[in-house]
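Chains as they are written, first to last, in this note's numbering: chain A, 1 to 109; chain B, 1 to 115.
Worth flagging that the hints you see were computed from the coordinates, not collected in a lab. It cannot be assumed that every hint is accurate.
Claimed, not checked - Facing chain B, from chain A, some residues (calculated, C-beta under 10 angstroms):
| id | residue |
| --- | --- |
| 1 | L45 |
| 2 | M46 |
| 3 | Y74 |
| 4 | L80 |
| 5 | Y82 |
| 6 | C88 |
| 7 | G94 |
| 8 | T98 |
| 9 | G102 |
Please read all numbers here as calculations on a predicted model, not as lab measurements. Don't be surprised by glycine CBs; every beta carbon is placed ideally from N, CA and C.
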Amino acid sequence: QQPVQSPQAVILREGEDAVINCSSSKALYSVHWYRQKHGEAPVFLMILLKGGEQKGHDKISASFNEKKQQSSLYLTASQLSYSGTYFCGTEFAGNMLTFGGGTRLMVKP
Amino acid sequence: DTGVSQNPRHKITKRGQNVTFRCDPISEHNRLYWYRQTLGQGPEFLTYFQNEAQLEKSRLLSDRFSAERPKGSFSTLEIQRTEQGDSAMYLCASSFVLDATGGYTFGSGTRLTVV
C-alpha cells in the first residue's frame, strides 16, 4: 500500500516554514525521506525507525508517530535550495521501500 | 566511490523491441533495487536483490520484465516486447542492509521512450 502524502504542493517565500505529512495504513518498520530536484535522482535526507523518534540536521527535521503510522518532515527557515519534490518511503519488515506520490515544494525569493 | 551508475542514460526504442538496462551499484552495498518513475509520480517498486538473490518482485510487474544480478555485482533489467506504457524513467538504487541508519543511493536513471 502506497503511503499518502500531504499536501501535494507547497509554495513558500524564503525564510518560511513548511510541514509535509506521510501516512500509512500498515504498521511501519521505518520511514525514509528523499528530495528530488527536476531531472535528477532522489537524494536521501533521513531515516526514522519505529520508536517515535525525531531526527534532524540543519533546518530539516522529521518525526515518526508509530501509533498513528505517520511521519512528518519539517522544513524551517526555508532556502531556495529546498525547492524540489519530497518523497516519503515506507518500509515494512525490513524489505523494500514503497514511495508516496510526492510533495512539490517551491521556495520563492 | 563513484556512486550508482546506470547505462544508458536515454533509450528510444520502437514498440515491440527488447531493451536492456544496466546498473552498477556502490560496491559495498549488498542490496540493489529497481524502480520505475513516471512524470509527477513517486518511484514505483519493480524488484530487488540481496546479493545475487532476487528477493521480491512487484505483483504488478508484467512477465515481460526480467532482472538479474549475476555474482551479486551489477544488475540488468530487460523489457521484452516493449509497449508505449513502458515509457518511463527506470531508477536503480543500492543500500547496505546492515546499515540501519542509511538510506538508498539512487542512480541518475535510464529514460526509456517507446515510439
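Evaluation of the provided hints:
1. L45: 8 angstroms, holds
2. M46: 8 angstroms, holds
3. Y74: With Cβ-Cβ at 18 angstroms, over 10 angstroms, it is violated.
4. L80: Violated - the Cβ of A:L80 stays beyond 10 angstroms from chain B, reaching only about 22 angstroms at its closest.
5. Y82: 18 angstroms, violated
6. C88: Where the cut-off is 10 angstroms and the nearest Cβ of chain B is about 9 angstroms from A:C88, the hint holds.
7. G94: 8 angstroms, holds
8. T98: It holds, given that the least Cβ distance between A:T98 and chain B is near 6 angstroms, below 10 angstroms.
9. G102: At 5 angstroms from the nearest chain B Cβ, A:G102 passes the 10 angstroms test, so the hint holds.
Violated hints for the displayed structure, listed by number in ascending order: 3, 4 and 5.
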